[in-house]
Amino acid sequence: MTILVVDDDYLSRELLQAHMENANYNVILANSGTKALEIAAAQQPDIILMDVNMPGLSGYSTCSKLKTTPMTSHIPVLLMTAMDDDENIALATESGADGFVSKPFDIPRMFEQIKRLIGR
Numbered sequence: 001m002t003i004l005v006v007d008d009d010y011l012s013r014e015l016l017q018a019h020m021e022n023a024n025y026n027v028i029l030a031n032s033g034t035k036a037l038e039i040a041a042a043q044q045p046d047i048i049l050m051d052v053n054m055p056g057l058s059g060y061s062t063c064s065k066l067k068t069t070p071m072t073s074h075i076p077v078l079l080m081t082a083m084d085d086d087e088n089i090a091l092a093t094e095s096g097a098d099g100f101v102s103k104p105f106d107i108p109r110m111f112e113q114i115k116r117l118i119g120r
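Numbering follows the working numbering, with no gaps: position 77 of the sequence shown is 77.
Just so you know, not all the hints are guaranteed correct.
[To be verified] With a straight-line Cα cutoff of 27 Å, these simulated DSSO-like cross-link-like pairs (lysine-lysine) come out:
(1) LYS115 <-> LYS67
(2) LYS65 <-> LYS35
(3) LYS103 <-> LYS67
(4) LYS65 <-> LYS103
(5) LYS115 <-> LYS103
(6) LYS35 <-> LYS67
(7) LYS65 <-> LYS115
(8) LYS35 <-> LYS103
Read the hints as simulated data drawn from the structure, not as lab findings.
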């Protein structure tokens, strides 16, 4: 199983990569929404974990583009943010996200959501 981790914050990407690889997932990293769109189309990951607050193309906008592009619309997207209020949860839903994870990360809960979304 391959997970695409998208976050403009280097330390967040590294932390997630370490946890995912420790759980025997293959990990691809991207530091922007634009790069995530390219990688998702070319490499077809099993799931995408993406921060919502990134410069340029936000996680919400990137998710919307992924979900309206036939080549990537089937890929589950789990959005991550430190702002887990009702407004941000609504924005995640509107963007087509399949799930929502709060920062700081609750790693066991994140793995539960990943397993639910990809059936592993």
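Hints versus structure:
Simply put, LYS115 and LYS67 have alpha-carbon atoms about 20 Å apart, close enough for the 27 Å limit, and the pair holds. At roughly 12 Å between alpha-carbon atoms, LYS65 and LYS35 fall within 27 Å of each other, so this suggested pair holds. Restraint check: the Cα-Cα separation between LYS103 and LYS67 comes to about 23 Å, which is no more than 27 Å; the hinted pair holds. Between LYS65 and LYS103 the CA atoms are separated by roughly 23 Å; this keeps the pair inside 27 Å, and the hint holds.
Restraint check for LYS115 and LYS103: the C-alpha separation of about 19 Å stays at or below 27 Å, so the hint holds. Our distance criterion of 27 Å between C-alpha atoms is met by LYS35 and LYS67, whose separation comes to about 16 Å. For the proposed pair LYS65 and LYS115, the alpha carbon gap of about 24 Å is at most 27 Å, so the pair holds. Restraint check: the Cα-Cα separation between LYS35 and LYS103 comes to about 22 Å, which is no more than 27 Å; the hinted pair holds.
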